[in-house]
Amino acid sequence: MPDHAKTNLQPALRLLLALLCLLAASTQGFAQAGSTIRVRLADGFDFPVGKPDAAGYHKARGYFPNGHLGEDWNGNGGGDSDLGAPIYACARGVVILSTNIGVGWGNCIIVRHIYRELDGRVAMVDSLYAHLHQRVVKLHDLVEKGQLVGTMGGNNGMYFVHLHFEMRKDLRVGMNRSQFPRDNSVYYSPTAFINAHRKLAVDSRKYDVPVNNFAAYGGSIADSRSDSDAAKAPAIPRLDNKPVEVRQPELNPEDDDFWSRLKAKIRSGQVTPGSEEKK
Numbered sequence: 432m433p434d435h436a437k438t439n440l441q442p443a444l445r446l447l448l449a450l451l452c453l454l455a456a457s458t459q460g461f462a463q464a465g466s467t468i469r470v471r472l473a474d475g476f477d478f479p480v481g482k483p484d485a486a487g488y489h490k491a492r493g494y495f496p497n498g499h500l501g502e503d504w505n506g507n508g509g510g511d512s513d514l515g516a517p518i519y520a521c522a523r524g525v526v527i528l529s530t531n532i533g534v535g536w537g538n539c540i541i542v543r544h545i546y547r548e549l550d551g552r553v554a555m556v557d558s559l560y561a562h563l564h565q566r567v568v569k570l571h572d573l574v575e576k577g578q579l580v581g582t583m584g585g586n587n588g589m590y591f592v593h594l595h596f597e598m599r600k601d602l603r604v605g606m607n608r609s610q611f612p613r614d615n616s617v618y619y620s621p622t623a624f625i626n627a628h629r630k631l632a633v634d635s636r637k638y639d640v641p642v643n644n645f646a647a648y649g650g651s652i653a654d655s656r657s658d659s660d661a662a663k664a665p666a667i668p669r670l671d672n673k674p675v676e677v678r679q680p681e682l683n684p685e686d687d688d689f690w691s692r693l694k695a696k697i698r699s700g701q702v703t704p705g706s707e708e709k710k
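Each number in my numbering comes from the position in the sequence shown (counting from 1) with 431 added on.
Among the hints, erroneous ones may be present.
Claimed, not checked - Here are the simulated DSS-like cross-link-like pairs (lysine-lysine), alpha carbons at most 25 Å apart as the crow flies: (1) K569 x K482; (2) K482 x K576; (3) K637 x K569; (4) K600 x K569; (5) K600 x K490; (6) K600 x K482; (7) K576 x K637.
Unchecked claim - Taking CB as the label site, the calculated pair distances span: (8) A486 x G649: 34 to 44 Å; (9) N507 x G475: 16 to 26 Å; (10) Q565 x P483: 15 to 25 Å; (11) A486 x K630: 12 to 22 Å; (12) N615 x H571: 28 to 38 Å; (13) N626 x V553: 18 to 28 Å; (14) L549 x K482: 19 to 29 Å; (15) D550 x Y648: 26 to 36 Å; (16) H571 x E548: 17 to 27 Å; (17) S609 x G493: 15 to 25 Å; (18) P496 x K637: 30 to 40 Å; (19) G508 x L570: 30 to 40 Å; (20) G588 x A554: 34 to 44 Å; (21) V534 x S512: 22 to 32 Å.
In short, the hints are calculated from the structure, not lab data.
Ideal placement from N, C-alpha and C gives every residue a C-beta, glycine not left out.
With the sequences and hints as input, model every part of the structure.
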């Protein structure tokens with residue numbers, strides 16, 4: 432090609448390249464702030480450890496409203512023997528959070544599941560996996576029941592190694608638990624929910640699942656986009672429209688710092704490792 436032709440093409444090529452970069456940036460931003468991702472119905476739920484049926488694990492601490500809002504799962508070997516053990520998605524869904532929150536949470540993953548209740552109603556639920564040693568899924572990944580999502584940890588030594596596992600019926604919670612009621616209006620007992628939803632009816636369709644609908648950790652719930660997301664997904668009912676009480680963000684999700692106190696007791700000889708059994 433003649434040099435003058437190359438010279439004439441250069442401005443056009445630069446303009447085209449700039450437009451492509453702008454388009455890529457705008458598309459990426461839209462994907463990050465997008466309201467929905469299409470997901471198939473979950474065909475059932477299972478425990479996130481020891482598949483199937485939590486074999487080799489026990490609940491060191493259970494769920495109770497206005498107290499411990501999830502379940503703490505430990506390997507039967509006790510202590511930190513389960514460090515790095517696999518953590519599985521409890522059902523098919525989409526990853527709506529995968530990050531290191533720090534403070535008392537550490538590495539966290541939240542998966543959103545859409546499923547058909549026994550009465551035929553389509554509903555959604557969020558499952559949270561906290562204190563992970565490693566995260567192996569990223570934001571907006573589609574996952575299947577029993578798929579590896581992370582490995583068990585203790586938030587870099589803050590606690591004995593265990594999985595803190597929650598299931599939320601209110602999709603706005605995210606990492607801002609202190610802004611919501613700490614009771615059965617917001618949370619499920621994970622074991623009770625899983626046992627009641629082991630096998631579910633499915634179909635071949637995909638459903639719009641809202642994502643990015645809660646505020647970042649420590650942010651105001653007013654920053655969430657749940658209303659607009661719900662409006663763009665009319666086939667999926669909003670699960671909780673009640674006003675929420677706004678409190679200061681909590682810094683430690685483990686109420687009463689159970690694991691830190693237990694660790695201190697063991698070091699002082701008051702408790703023998705492995706003596707905390709299923710409650």
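Status of each hint after checking the structure:
{"no.": "1", "hint": "K569 x K482", "verdict": "22 Å, holds"}
{"no.": "2", "hint": "K482 x K576", "verdict": "10 Å, holds"}
{"no.": "3", "hint": "K637 x K569", "verdict": "21 Å, holds"}
{"no.": "4", "hint": "K600 x K569", "verdict": "22 Å, holds"}
{"no.": "5", "hint": "K600 x K490", "verdict": "21 Å, holds"}
{"no.": "6", "hint": "K600 x K482", "verdict": "24 Å, holds"}
{"no.": "7", "hint": "K576 x K637", "verdict": "16 Å, holds"}
{"no.": "8", "hint": "A486 x G649: 34 to 44 Å", "verdict": "38 Å, holds"}
{"no.": "9", "hint": "N507 x G475: 16 to 26 Å", "verdict": "25 Å, holds"}
{"no.": "10", "hint": "Q565 x P483: 15 to 25 Å", "verdict": "22 Å, holds"}
{"no.": "11", "hint": "A486 x K630: 12 to 22 Å", "verdict": "18 Å, holds"}
{"no.": "12", "hint": "N615 x H571: 28 to 38 Å", "verdict": "29 Å, holds"}
{"no.": "13", "hint": "N626 x V553: 18 to 28 Å", "verdict": "21 Å, holds"}
{"no.": "14", "hint": "L549 x K482: 19 to 29 Å", "verdict": "23 Å, holds"}
{"no.": "15", "hint": "D550 x Y648: 26 to 36 Å", "verdict": "35 Å, holds"}
{"no.": "16", "hint": "H571 x E548: 17 to 27 Å", "verdict": "25 Å, holds"}
{"no.": "17", "hint": "S609 x G493: 15 to 25 Å", "verdict": "21 Å, holds"}
{"no.": "18", "hint": "P496 x K637: 30 to 40 Å", "verdict": "34 Å, holds"}
{"no.": "19", "hint": "G508 x L570: 30 to 40 Å", "verdict": "33 Å, holds"}
{"no.": "20", "hint": "G588 x A554: 34 to 44 Å", "verdict": "38 Å, holds"}
{"no.": "21", "hint": "V534 x S512: 22 to 32 Å", "verdict": "26 Å, holds"}
Of the numbered hints given earlier, the model fails none.
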